[in-house]
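2 protein chains.
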Amino acid sequence: MSTAAPWKQLILKALETNSNIKHSTYFQLATVAQDGRPSNRTVVFRGFQGDSDRIKINTDTRTRKIEELKHCPFAEICWYFTDSWEQFRINGRVDMIDETNSDPSKLQERERSWFASSATSKLQYVGAHPGLPYISEEPPPQVYIDPTSGPVSTFCLLVLDPYQVYSSQTIYSVNDATFYLTFVR
Amino acid sequence: MSTAAPWKQLILKALETNSNIKHSTYFQLATVAQDGRPSNRTVVFRGFQGDSDRIKINTDTRTRKIEELKHCPFAEICWYFTDSWEQFRINGRVDMIDETNSDPSKLQERERSWFASSATSKLQYVGAHPGLPYISEEPPPQVYIDPTSGPVSTFCLLVLDPYQVYSSQTIYSVNDATFYLTFVR
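Just so you know, the protein sequences line up as chains A and B, in that order.
For the first sequence, UniProt numbering assigns the number 1 to the initial residue and increments by one for each residue that follows.
For the second sequence, UniProt numbering assigns the number 1 to the initial residue and increments by one for each residue that follows.
If you are wondering where the hints come from, they were derived from the structure by calculation, not from laboratory data.
One should not assume that every hint holds.
Treat identical chains as interchangeable: a pair holds within one or across any two.
Keeping only pairs whose Cα atoms sit at most 25 Å apart, straight-line, the calculated SDA-like set for lysine to any residue is [claimed, not checked]:
(1) Lys70 x Asn18
(2) Lys22 x Tyr166
(3) Lys22 x Asp60
(4) Lys70 x Val152
(5) Lys22 x Asp83
Only a predicted model underlies this, so the values are computations on that prediction, with no experimental measurement involved.
Given the sequences, and given the hints that come with them, work out the whole structure.
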């Protein structure tokens with residue numbers, strides 16, 4: 001029997017309401033850099049982990065967020081649904097699962113996330129370093145990835161385990177009053 | 001003569017390209033909380049300060065970001081334009097201008113930002129505490145704000161002075177190759 005957190009049900013509903021727009025699965029992930037300053041970028045929601053309320057994100061081991069999460073494993077997601085005007089702020093601890101992980105069940109989860117990715121998504125992991133400028137004006141050479149092959153070494157699965165969730169829903173559109181729900185685990 | 005930063009020109013262009021969508025002026029602002037963990041929320045772009053490349057944001061002095069910015073004055077904006085698939089990451093130092101500010105020119109800037117706000121926006125500053133649940137099912141009592149009155153005490157202007165800007169533009173849509181531009185001041 002599913003024991004989904006109340007905020008998870010709200011997110012599933014928001015995803016349904018906003019399913020007509022492609023970017024409804026995009027959200028912003030904030031981390032803290034080594035110098036103590038904030039860092040923020042758009043990432044893609046890759047679903048919940050099994051029946052849990054943990055959030056999956058795919059990333060490249062060569063991105064700055066990896067170094068930042070090694071330094072400080074906490075992140076806050078800001079997920080704004082542009083059609084329904086709903087915002088979810090989800091903070092929690094992030095588990096990084098790359099190919100060196102020693103837990104077989106986590107490596108399996110990483111593999112599942114790789115195979116669930118589109119061919120286009122997969123290609124990003126074999127391209128130029130994601131943090132460096134792509135200086136050529138020519139498109140990069142075509143690379144073929146065998147669809148039956150497992151994850152490449154740069155592929156990393158992030159799993160955010162939510163600790164606190166703030167949800168705001170505009171319920172009175174006339175005067176912009178806002179209804180806040182806070183869920184703390 | 002305007003000496004706009006190159007990234008500012010790209011943002012002005014993106015705002016024009018995405019002007020058909022209301023949320024094109026919304027972005028996510030990441031800060032760092034007192035416990036060293038990241039914090040992230042959606043705010044509204046209120047324009048550049050004069051001819052400069054400094055970014056204006058209105059906020060309520062009672063929000064958590066104010067305490068966080070007092071602790072760590074750095075922030076990173078993640079501005080994703082959903083129509084053109086462009087992302088700008090803008091980090092910099094934030095100047096907080098509330099009614100206690102001792103600089104007359106900054107107080108004038110705060111006043112200008114207040115008068116540039118809509119009646120609906122202004123009402124948010126006299127409502128219930130923005131960080132607390134609004135527990136009644138009734139709409140809050142109607143409040144009238146004299147349009148000729150100056151800013152209320154909870155109104156605070158944030159001015160982010162950009163230090164580094166990352167811009168990504170998808171130039172080859174077929175294989176999702178990404179072109180990165182980085183501007184450092």
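Checklist entry - Can you tell me if Lys22 and Asp83 fall within 25 Å by alpha carbon in one copy, between copies, both or neither? => result both (11 Å within a copy, 10 Å between copies)
Checklist entry - For the identical chains here, do Lys22 and Tyr166 meet the 25 Å Cα criterion within one copy, between copies, both, or neither? => result Cα proximity of Lys22 and Tyr166: in one copy and across copies (23 Å, 23 Å).
Item to check | 25 Å Cα threshold - placement of Asn18 relative to Lys70 | outcome: neither (33 Å within a copy, 36 Å between copies)
Checklist entry - Given identical chains, is Lys70 near Val152, meaning Cα to Cα at most 25 Å, within a copy, between copies, both, or neither? => result within (21 Å within a copy, 43 Å between copies)
Checklist entry - With identical chains treated as interchangeable, where does the CA-CA distance between Lys22 and Asp60 reach 25 Å or less: within a copy, between copies, both, or neither? => result within (22 Å within a copy, 32 Å between copies)
Against the hints set out earlier in the document, a violation occurs for number 1 only.
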